[in-house]
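As a plain string of letters, each chain reads:
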Amino acid sequence: MLRVVLLTTEFPPRVVGELSNLVAFIARSLSNKGLDATVVAFDDWKSGFEVKGGVKVHYVSNKVGSHVNPFTWASSLSCEYSRILCDLLWEQSGIDIIHAFEWSSALPLISLKEAIPIPYVQSFLSLEELRSRSDLSLLGQTIKWVESFSTSVADSVVAHSEKTYSMIRALYPWCVNKLRLIDFNDMNAAETLIRVYEEVLGKHG
Amino acid sequence: MDKLRILMLSWEYPPRVIGGLATHVKHLTEELRKIGVEIILLTCNYPGAPETEKLGKMVVKRIESYTAPTPDFASWVLLMNLTMEREAVKTVKEWGSIDLVHAHDWLVAKPAITVKHLCRVPLISTIHSTEQGRRNGLHSDYQRMIHQIEWWLTYESWRVICCSNYMREEVIRFFNTPSDKIAVIPNGVDAARFESHECLREFRSRYASDQEKIILYVGRLVPEKGANVLLGAMPRVLSSHPEAKVVVVGEGYYKEELMRIAGRLNISSKVYFTGYVDDWTLGSLYKCASIAVFPSLYEPFGIVALEAMASGIPVVVSDTGGLSEIVENNVSGLKVEPNNSEALSRAISYLLDNPDFAEHLKQEAFKKVTRTYNWRAIAERTAELYFQTLKEAWSNPWTRGRLPAVPNTRV
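Line order of the protein sequences matches chains A and B.
The first sequence: position 64 = 64 (the working numbering), numbered continuously.
The second sequence: position 406 = 406 (the working numbering), numbered continuously.
These aren't lab readings, by the way, just hints derived from the structure by calculation.
Take these hints with a grain of salt, some might be off.
[Claimed, not checked] Label-pair restraints from in silico Cβ distances: (1) B:E392 to A:E91: 16 to 24 angstroms; (2) A:S61 to B:D72: 22 to 30 angstroms; (3) A:R169 to B:A49: 38 to 46 angstroms.
Glycine included, C-beta positions come from ideal geometry on N, C-alpha and C.
Bound-form chain A, shown alone (with noise of 0.2 angstroms):
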């Protein structure tokens, strides 16, 4: 069975953007194809595990409560997706492949994937480009800095739209070859991210 490890920082009961819905829409397709879904999130409110419709889930909160800005907050927040992750790796049965949604849950992998060759998947529902007003806010170009790296490092970046799809062909020329469209709206989107997942595997043998 494929162990597959969800980060994200929306997940039932937290609903904030469609981040949320769309995670939690992965996760049950996953876990009804058979896979093993795990779901490391986020939540202000609740901490610990459950298991909800077949889909493990992991609640993390910040040990960091005050912050300046969202780059501090997910800077600090991803030790505990790292804390969570590692614990996974040294007690429980493995994982076959981490799954990142947006950048804030990209800072993680960006470390761990040197010294853990797990294969990684960087989804992106929109990007920073697309978000920001103020490109050239110092802030908004530490998001960028993390939202390319993480291109560069995952073994394969998926787009959940056209129109972000086009922006990464367009920013990270690099990761072209790496890169699919997603759309959540079609029926078979769940046996196509599975076919990323399997293609991945394969490139890692």
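Add chain B to chain A, keeping to what the hints say.
Positioned in the frame of chain A, the structure of chain B alone reads:
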């Protein structure tokens, strides 16, 4: 137990010297490796410094620390942490195994915590100072964030090292750290470094005339170091000792304000701001000074006071923090109430009036420094703490004894 393998993380290490941390890490690692501890030190890069440096049993790796623009210092620290974390993770994988991680201050908390969980090894942290202490409270989200990162580091640490009892109390009070988790190991001073210096007339003449007596201040020019208290004391000192001259060594954002204060007190001609000086110049200045004054309002340890004591000059310190523990009043120096210019002026004048007493103080101070604050003894105590921690950790199911550096991907 066979040799110890330590991954040490510090954001500064010579030639990158920002505060006292670089000196601390340099001396500690020098002595640790002399007693057989294997160390990989990860630190930030510095122009002209090699990316990798092998120093006996120690390897220094300097990471690229300016990878992308960041909006503020804390964001820069956390981005630098990402690069350091990558390098740390790569290093432990290459090294095969490590016994523990030793982190210095919040500036390296994130990579230290990640490596702890990745390698299932204990984390030891040294808290050199706290944000709440430095800022005299927490007044913004920025300061609260740094405070919480400091708390987080102590929370994740198996043991916390503080350099003074004052810092120990502060860590207990600010972070609710259990007291049994804290070890007090002081900072040290390399007394031999100051022996070779002398006060040459030509050198001295750059700072003061032959007739003038140098009152030396060394430290960052920030409000908590209290250089303004020294300036406030000088009009009284000068009224009875017109030959006194203050030499202020150091830089900081408070420098211009200090210059304005000197102007307002009409003592500008009696205060010399040197800015940053190199080690040789500082060593020689210690030899040329009549008295060294450390009037800090907040001082977790006060390594500069030890340097002055090792150089053989009498010291006057404020009765606060680590300074209060280093100096025994009327035995190895004089202590005065913090932020009290009048008391400080009396102490300075007393030493200028009583050279025999000043001589007695400096001799006692030198004895204390060489006996208590030598780096070999400090490294031995640190290594002992490493061993003690490992003994506890290896019997804990979390570490499961000695493990490979990183987990297998498929169990």
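Checked hints:
In this structure the supplied range 16 to 24 angstroms holds for E392 of chain B paired with E91 of chain A, their Cβ-Cβ distance being about 20 angstroms. Checking the proposed 22 to 30 angstroms range against S61 of chain A and D72 of chain B shows it holds: the Cβ atoms sit about 24 angstroms from each other. A hinted range of 38 to 46 angstroms for the beta carbons of R169 of chain A and A49 of chain B is consistent with their spacing of about 39 angstroms.
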